[in-house]
Amino acid sequence: MKKSLLVLVTAVAIVGAACGSSGSSANSSSTIDPVLVNGRLPRFDSPVTLRVATHDSFAVSQSVLDEFEAETNINIELLPSGDAAAMTNAAILTAGNPVADVLFGFDENLLGTVLENNLLLAYQPERLSDVENSFKIDTSGFATPIDHGDVCVNFDRSAFTKSGVSIPSTFRDLTDSSVKGDLVVEDPSTSTPGLAFMLATIATFGGGDDESSNAAWLNYWKELKANGVAVVDSWETAYYGSFSGGSGKGDRPLVVSYASSPPAEVEDTTLAVDQSPTGVVTSTCYRQTEFAGILRGSANEKAAAAFLEFMLGASFQADVPAQMYVYPVVSGTPLPPTFEKYTAPVPTPLSLPYSDVAANRDRWIAQWSALFR
Amino acid sequence: MVGSVPIGESSSNRSLGLRLRGWWRLLAAIPPMLFLGVFFLWPVGAILLRGLRPAGHWNLSVFSDVLSDRSMQKVLWFTLWQSVASTLLCVLVALPGAAMFARYRFRGKQVLWSALLVPFVLPTVVVAVSMLGVIGSGGLAGVNLAGSIWAILIAHVFFNYAVVVRTVGATWSTIDPRLEESARALGARPWRVFVDVTWPLIRSSVAAAASIVFLFSFTSFGIVLILGGIRHRTLEVEIYDQTAKFLHLDIAAVLAIVQLIVVVAILLWFGRSQRRRTVLLDQRSSSETEHLPASSRQRWFIRSNLALMAVLLGLPLVVLVTRSFSTPDGWGFGFYRALTDSRGGSTSFVPPIDAVVNSLMFASMATVLAVVLGLCAAWAIVGDGSMRSDSHFSWWIDTALMIPLGTSAVTVGFGFLIVFDEPPLNMRSSLWLIPIAHTIVALPFVVRLLVPALRSIDPRLREAASTLGASPRRVWWTVDVPIVGRALAAATGFAFAVSLGEFGATAFLVRPDRPTMPVAIYRAIGRPGEYNFGQAMAMSTILMALTVVVMVMIDRFRPAGVSEF
Numbered sequence: 062m063k064k065s066l067l068v069l070v071t072a073v074a075i076v077g078a079a080c081g082s083s084g085s086s087a088n089s090s091s092t093i094d095p096v097l098v099n100g101r102l103p104r105f106d107s108p109v110t111l112r113v114a115t116h117d118s119f120a121v122s123q124s125v126l127d128e129f130e131a132e133t134n135i136n137i138e139l140l141p142s143g144d145a146a147a148m149t150n151a152a153i154l155t156a157g158n159p160v161a162d163v164l165f166g167f168d169e170n171l172l173g174t175v176l177e178n179n180l181l182l183a184y185q186p187e188r189l190s191d192v193e194n195s196f197k198i199d200t201s202g203f204a205t206p207i208d209h210g211d212v213c214v215n216f217d218r219s220a221f222t223k224s225g226v227s228i229p230s231t232f233r234d235l236t237d238s239s240v241k242g243d244l245v246v247e248d249p250s251t252s253t254p255g256l257a258f259m260l261a262t263i264a265t266f267g268g269g270d271d272e273s274s275n276a277a278w279l280n281y282w283k284e285l286k287a288n289g290v291a292v293v294d295s296w297e298t299a300y301y302g303s304f305s306g307g308s309g310k311g312d313r314p315l316v317v318s319y320a321s322s323p324p325a326e327v328e329d330t331t332l333a334v335d336q337s338p339t340g341v342v343t344s345t346c347y348r349q350t351e352f353a354g355i356l357r358g359s360a361n362e363k364a365a366a367a368f369l370e371f372m373l374g375a376s377f378q379a380d381v382p383a384q385m386y387v388y389p390v391v392s393g394t395p396l397p398p399t400f401e402k403y404t405a406p407v408p409t410p411l412s413l414p415y416s417d418v419a420a421n422r423d424r425w426i427a428q429w430s431a432l433f434r
Numbered sequence: 018m019v020g021s022v023p024i025g026e027s028s029s030n031r032s033l034g035l036r037l038r039g040w041w042r043l044l045a046a047i048p049p050m051l052f053l054g055v056f057f058l059w060p061v062g063a064i065l066l067r068g069l070r071p072a073g074h075w076n077l078s079v080f081s082d083v084l085s086d087r088s089m090q091k092v093l094w095f096t097l098w099q100s101v102a103s104t105l106l107c108v109l110v111a112l113p114g115a116a117m118f119a120r121y122r123f124r125g126k127q128v129l130w131s132a133l134l135v136p137f138v139l140p141t142v143v144v145a146v147s148m149l150g151v152i153g154s155g156g157l158a159g160v161n162l163a164g165s166i167w168a169i170l171i172a173h174v175f176f177n178y179a180v181v182v183r184t185v186g187a188t189w190s191t192i193d194p195r196l197e198e199s200a201r202a203l204g205a206r207p208w209r210v211f212v213d214v215t216w217p218l219i220r221s222s223v224a225a226a227a228s229i230v231f232l233f234s235f236t237s238f239g240i241v242l243i244l245g246g247i248r249h250r251t252l253e254v255e256i257y258d259q260t261a262k263f264l265h266l267d268i269a270a271v272l273a274i275v276q277l278i279v280v281v282a283i284l285l286w287f288g289r290s291q292r293r294r295t296v297l298l299d300q301r302s303s304s305e306t307e308h309l310p311a312s313s314r315q316r317w318f319i320r321s322n323l324a325l326m327a328v329l330l331g332l333p334l335v336v337l338v339t340r341s342f343s344t345p346d347g348w349g350f351g352f353y354r355a356l357t358d359s360r361g362g363s364t365s366f367v368p369p370i371d372a373v374v375n376s377l378m379f380a381s382m383a384t385v386l387a388v389v390l391g392l393c394a395a396w397a398i399v400g401d402g403s404m405r406s407d408s409h410f411s412w413w414i415d416t417a418l419m420i421p422l423g424t425s426a427v428t429v430g431f432g433f434l435i436v437f438d439e440p441p442l443n444m445r446s447s448l449w450l451i452p453i454a455h456t457i458v459a460l461p462f463v464v465r466l467l468v469p470a471l472r473s474i475d476p477r478l479r480e481a482a483s484t485l486g487a488s489p490r491r492v493w494w495t496v497d498v499p500i501v502g503r504a505l506a507a508a509t510g511f512a513f514a515v516s517l518g519e520f521g522a523t524a525f526l527v528r529p530d531r532p533t534m535p536v537a538i539y540r541a542i543g544r545p546g547e548y549n550f551g552q553a554m555a556m557s558t559i560l561m562a563l564t565v566v567v568m569v570m571i572d573r574f575r576p577a578g579v580s581e582f
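These protein sequence lines map, in sequence, to chains A and B. All you need for this note's numbering is the position in the first sequence, starting with 1, plus 61. All you need for this note's numbering is the position in the second sequence, starting with 1, plus 17.
Since the hints were derived computationally from the structure, they do not count as laboratory data. As the structure is a prediction and not an experimental result, all values here were calculated from the model. Ideal Cβ placement from N, Cα and C applies to all residues, glycine included. Hints should not be assumed to be uniformly reliable.
Stated by the list, open to error - Example chain A residues on the side facing chain B (calculated, C-beta under 8 Å, incomplete): (1) L140; (2) A146; (3) A147; (4) N150; (5) T155; (6) F221; (7) T298; (8) E401; (9) K402.
Unchecked claim - Straight-line Cα separation of at most 30 Å, DSSO-like style, residue types lysine-lysine; simulated pairs: (10) K262(B) with K197(A); (11) K310(A) with K286(A); (12) K91(B) with K283(A).
Unchecked claim - A partial selection of chain A residues facing chain B, derived with a Cβ cut-off under 8 Å: (13) A120; (14) V121; (15) D248; (16) N288; (17) V292; (18) E297; (19) A325; (20) Q384; (21) P406; (22) T409; (23) S412.
I would like the entire structure built from these sequences, with the hints used as guidance.
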């Protein structure tokens, strides 16, 4: 178990609020003025401490962070707060008196929840104009897209070469008897990639508004079940415990993981792309965009806004693949060589409107659970 | 002095000191109770209230909704029976081990005694993935138990074996073997000797250990998720989902209250059986109670115990260590060297030395806190050791300290967030919360190891000392402390081990980034790639080695006086 929560408030925010010092405009309808100065990050006269609540998978190069601190006079304190759901729920519990100034790492599946609970202050970063349009999902200006990834079925290349079975290329292929007992997936109620994969089946087969046990997407899961799908609690158990490819120690050649997993399995970069140990079934990929926002109640709005601009800046964007196994949202950002070479292009990733997910997520999980428990 | 005196036959002759003792006793109870009140009851109470009394009015209909829900009933029933089964199985499997450590001298005994705590400190996810290498599909055992109740039971025995062996073994080793020898000389068969002589003497420590095993199994989370598959859900898993995933605080509150009621009821039951049978006896030092195996039967007994430990505890650990050396380029230290690779200076990089230092630092702080508070609590619970002191007061203190073990970490963690948000206790993200959380988990171990030892002290010794003019403090220092020394060493070891391996409780705290070894392990295994997995295994192996070293040092430490006892 793990995870924690959220985040928190900064001692600075509280002490500041208590002493009535800084004038924080805690009105959620107000917006924050642009902070960039001629396109450059602002510099604060006296040092500011900015607290950033993140999920536990957050990482950035220390040198990139140091550069930001030197340029702006802002000291960053990172607060790892559990997985993205726990982090978000802790932010809801402390809404208005947050533990941190910035919340980073909630995805589309949590976006609706974040907005409904009025957790954030509106800020439209100037650098949002560099972001590809498909990632600008929150049009109300509260949640800033920072990175994206795709949850996809990964395959163990050598297992398929050895057995001579052809590698599945569609959802349909996963129910074929030639891959019976080969697939391991994560439980959507406990795992983020598990949830994304379930949503991918809803996006593909439809029936999301059908509350019965015969919804089209559930019928697909019945076929998966009949074909021996294994469901485990977490990505760690699935990938390292059950999956046979790459660093996996199990005996199933198909697993729900990420589009960025194959590059991580390549140790020898002279390997041809079609020789890498694992690969991705691109038609199963479900898009996940991760967002950041300024927590309502922060006493450091301006510094928080500067941090959002920094996360859309060239150095942070170029840093995300190697640090977090996700991809940048700013077009034209160069990828590290292994990611450039071994990431399969995903021409049309699946997705669902975030408001649909927020409205139906718990019911879908309940329907799914009724089938599998 | 040979022999045991049932409690109550002793002394009715009280000195003036008694009232003073009573007062001291109350005073001793204050620090642990205050600690518990502030860092446990208050946050938990607040989060339950948030769920049951949102927006100022009570919402009690959620009780009937939740309790009449069939899937919730299933969860509750499963949680109960698997924890009872785990406890019985663990006691059954571990008692012979306790007997072996109590009665026999054999090569490597001290190191093995210390190494027993290794499973106890390892992060669940690492052990569980290693166990899949033994009892999963394609595992060493050749039989796939993954997803079955057996995988859960075996893992619970794996993690809790040391709790029973070390708690019961420590008590057993102080029992004068001549008691058993006399019974045997009088013609009793071995089984009768055990039932009529040994069992009444170890019973209270068995109950103490069993209640801890029960609570751990009852609140099992990672094991149930990873090894139990998706069909098996405990209350703990359900509370986690309802709180951290769905933020249904009302449902979570009902489940937490159900959990609390069951925990208190079980503790009440254990407490009664423990109290009724407490027997006073003179303690013997290990030089008097243990001996080399004399017959082939005794050698066989030792060998089969060691074989059991090798299979049950050893195999998963061997898988783990093996994997830490099995790199893509063959056998070697590649993963260990990779631990120092900062991946281009990532903020998620944990220099292994830092992780070790952080772990040792938090563990030291938590151990000091837990031992000091635990001594206070144990002394308050036992009082002067007389019948009269064995009161409801004692039971409440003991139970109050145990309850956190039966409470979800997520409940406490979310509670922290909503109560420590204002001065003077604005410490939602304070580093102190880490050792404090560890202390809450370690306290019951300390108390459970100290209380039976304190109880077993003959009040006549204390009375003799005070009759001779010793002040209460002097009585405590010259009588209680030396006698309790051995239990204290064991308690220190447990507290340290609990803190070294603790992940659950701290995981729900928002904390500045000061990663411990378990945190570093979870970080590595959360990323794809051979080297990340290998680093998790390497760091786990280092944690194992560190545990053995620290435990050997603590176990070697015997306060002066005990050996002459």
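Each hint, compared with the structure:
Because the smallest distance between the Cβ of L140(A) and any Cβ of chain B comes to about 5 Å, under 8 Å, the interface hint for this residue holds. Here the hint on A146(A) is kept, as its CB sits about 5 Å from the closest CB of chain B, short of 8 Å. Evaluation of the A147(A) hint against chain B yields a held restraint, the C-beta minimum of about 4 Å falling below 8 Å. With its C-beta approaching chain B no nearer than about 4 Å, N150(A) sits inside the 8 Å limit, and its interface hint holds.
About 6 Å separates the beta-carbon of T155(A) from the nearest beta-carbon of chain B, less than 8 Å, and the hint is met. This hint is violated: F221(A) has a C-beta 18 Å from the nearest C-beta of chain B, more than the 8 Å allowed. Annotation: T298(A) was flagged as interfacial toward chain B, and the flag holds, the nearest CB pair being 5 Å apart, inside 8 Å. This hint is violated: E401(A) has a C-beta 16 Å from the nearest C-beta of chain B, more than the 8 Å allowed.
The interface hint given for K402(A) is broken, as the beta carbon of that residue sits about 15 Å from the closest beta carbon of chain B, more than 8 Å. A threshold of 30 Å between alpha carbons decides the hint, and for K262(B) with K197(A) the separation of about 25 Å falls inside it, so the pair holds. The straight-line distance between the Cα atoms of K310(A) and K286(A) is roughly 23 Å, inside the 30 Å bound, and the hint therefore holds. A threshold of 30 Å between alpha carbons decides the hint, and for K91(B) with K283(A) the separation of about 23 Å falls inside it, so the pair holds.
The interface hint given for A120(A) is met, as the beta carbon of that residue sits about 3 Å from the closest beta carbon of chain B, less than 8 Å. Among the interface hints, the one on V121(A) holds; its C-beta lies about 5 Å from the nearest C-beta in chain B, closer than the 8 Å criterion. For D248(A), the interface hint holds, since its Cβ comes within 8 Å of a Cβ in chain B; the closest pair sits about 5 Å apart. A cut of 8 Å between beta carbons decides the hint on N288(A): the least distance to chain B is about 16 Å, and the hint is violated.
Restraint check, V292(A) versus chain B: the minimum CB separation of about 5 Å is within 8 Å; hint holds. Evaluation of the E297(A) hint against chain B yields a held restraint, the C-beta minimum of about 5 Å falling below 8 Å. Below 8 Å, beta-carbon pairs count as interface contacts, and A325(A) has one with chain B at about 4 Å; its hint therefore holds. For Q384(A), the shortest C-beta to C-beta distance to chain B is roughly 6 Å, which falls under 8 Å, so the interface hint holds.
For P406(A), the suggested interface contact is broken, since its CB lies about 19 Å from the closest CB of chain B, more than 8 Å. Because the closest C-beta pair between T409(A) and chain B is about 24 Å apart, greater than 8 Å, the hint is violated. Hint status for S412(A): violated, given a least beta-carbon distance of 21 Å to chain B, over 8 Å.
Hint compliance for this structure: hints 6, 8, 9, 16, 21, 22 and 23 are not met, and every other hint is.
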